[in-house]
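Novice: In order, the protein sequence lines correspond to chains R and Z. Its first residue numbered 6, the first sequence is counted upward by one per residue in my numbering. Its first residue numbered 3, the second sequence is counted upward by one per residue in my numbering.
Hints are not guaranteed to be accurate.
Mimicking DSS-like on lysine-lysine, the simulated pairs with C-alpha atoms at most 27 Å apart in a straight line are [as the list claims (entries may be wrong)]:
no. : chain 1 : residue 1 : chain 2 : residue 2
1   : R       : Lys168    : Z       : Lys86
2   : Z       : Lys104    : R       : Lys168
3   : Z       : Lys247    : R       : Lys242
4   : R       : Lys242    : Z       : Lys151
5   : Z       : Lys121    : Z       : Lys228
6   : Z       : Lys151    : R       : Lys168
7   : Z       : Lys91     : R       : Lys242
It should be emphasised that the hints constitute simulated quantities derived from the structure, not laboratory data.
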Amino acid sequence: MIDRRNPPGLFYRLYGRTGWLLFAAGLAVLCVLVPVLNLVLPETSFLHLPDYWVALAGKIMCYAILALAMDMVWGYTGILSLGHGIFFALGGYALGMYLMREIGHDGVYHSNLPDFMVFLDWKAYPWYWKGTDHFVWALLLVVLAPATLALFFGFFAFRSRIKGVYFSIITQALTVALMLLFFRNETGFGGNNGFTDFKRILGQPIATAGTRMALFVSTALVLLGMLLVLRYIVTSKFGRILMAIRDAESRLMFTGYNPLIYKLAIWTFSAMIAGIAGALYVPQVGIINPGEMSPGNSIEIAIWTAVGGRGTLIGAIIGAVIVNGAKSWFTQAFPDYWLYFLGALFVSTTLFLPKGVMGLLDKVRTRS
Amino acid sequence: MSGSGTSPAPDFGGSSTFGHLAPPQGELDSSHGVVLYLEDVTVSFDGFKALNSLSFSVDVGELRCIIGPNGAGKTTMMDVITGKTRPQKGKAFFGQTMDLTKMREPEISQAGIGRKFQKPTVFEHHSVFENLELAIRADRGILHSLFGKLNGAQLDRIDEILETVQLTELIDLRAGLLSHGQKQWLEIGMLLAQDPKLLLLDEPVAGMTDHETVRTAELLKTLEGKHSIVVVEHDMDFVGSIARKVTVLHEGSVLAEGTMDTVQNDEKVIEVYLGR
């Protein structure tokens, strides 16, 4: 039994012994082993890790961060968002603006402006591009843009007490609306081509092995750091309030809490995390376009979280890794059947593994 | 109209020194001895009058039972008092100063009105302790919930409540695994943890065994005087065992009010409710 008079310190509250060992192992593999195997070992070596795998793993880690954001709102608070792709894309576009500015005069038209603006015969940057040549402002935009939209949308949706499937449908509609907006050339974000052909980040060439590895390690650090921050949140009273909103919102309200404030806080925070994931994703894959806001993308995020197990954090990461790992293999081996497989995976998870992979692990553990 | 004719009307500050300055969400002012005052409250849903010019009041420290046939407006009345439903007409005051028709649910709860639902509603995925932790009187803000800790006095209070509702042994059990009666008690415990001035209990003994019902009656009697309590209940034996004053609702308004004996012998009451 827990000694409630002298509760355990933060260290033990976050994870037990095994948990921290696994965490340290993950940190060592991602931040030491992968760089060594990829950069230090010669390509002829048996143990050399090809660039392809590093790129794939980096991409999947971005998805894992996104899945964590989803788990906070869906798994813990019971708000199913089918529009988290919006926040991911907004974060990506925010950093993409900076990367476009970094191209400088090296574009096809050798102009001060990005190629797509020259093509539209624009003479100057629109006002909202102001300051995007500064890395720090771009980083701020990465979180501010998704946060502003989430706060605005969330306030009206939660104040009107829109819940459940109605909320999900509205977020789905929102992502379609924004996708159409970003498809327009006049919106000023490169239309359907989006941003691509990046050359530099922080003055360094973006495609070199060193820069790629720096981005990979940054993503790993953000992923693991985010896991700790979110773990702190869900083990605090704040986390228990979120779960109370999920399980019995009216009871919570009549207990004197204002669910609106809590929902708005976690919804906006989740959007910021999704934005950060998008910002890490764009320089690694080298492109951002409105396709990221397609309705299917946002639904996939929900599938990752469901497959891994909702309301566990680790499950979100596992789900993102399993589904995206399977996707990259499937789309090469049987490109025509991927969507069938994804559908089957979702249906069978819902039917046989309502608690996802984490639920399965729990069952195995209690049986042995 | 019956019942509340002699109750004092809410004082809008004429006699209070800073009447017009006092915020509606301030401390409960029950100096005139009335904790809850409803006057002429009307709620209609698509033309159906769930409450029809309902007027009644509850005194400080009183244990009041409300009975009435299905559809008499008992639950709607609780909805009005807790801010879930806004009346089309009428006044609802908590003490002298707090206008319940202008406050939202969390504000009303923080002002000191606790409500137990008809169906026991606890946080099923939280342990018994965590349920009480969420309910215990404390800062309801985000920052406190992220960084705050329970202090010694709050832990003592939780221990005390666990004793009162006899759940000490089950402190770490998930609330979803409790029996029906235990859930009812946990919910009452959560109300006590909020330290409310007024407790609204919607059918607190529904689904309880006879033994549990007797113990619940004892529990409520120990609370009488410390809190004002309004109980809505169908179980006449239970009502008879705890009530000093009973209010009978019928078709959205007060039909009769008085002691159990008076009410049971009232012609109108026998006709609409007890006689059937």
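Novice: Find the hints from earlier in the document that the structure breaks and name them by number, from lowest to highest.
Specialist: 3, 6 and 7
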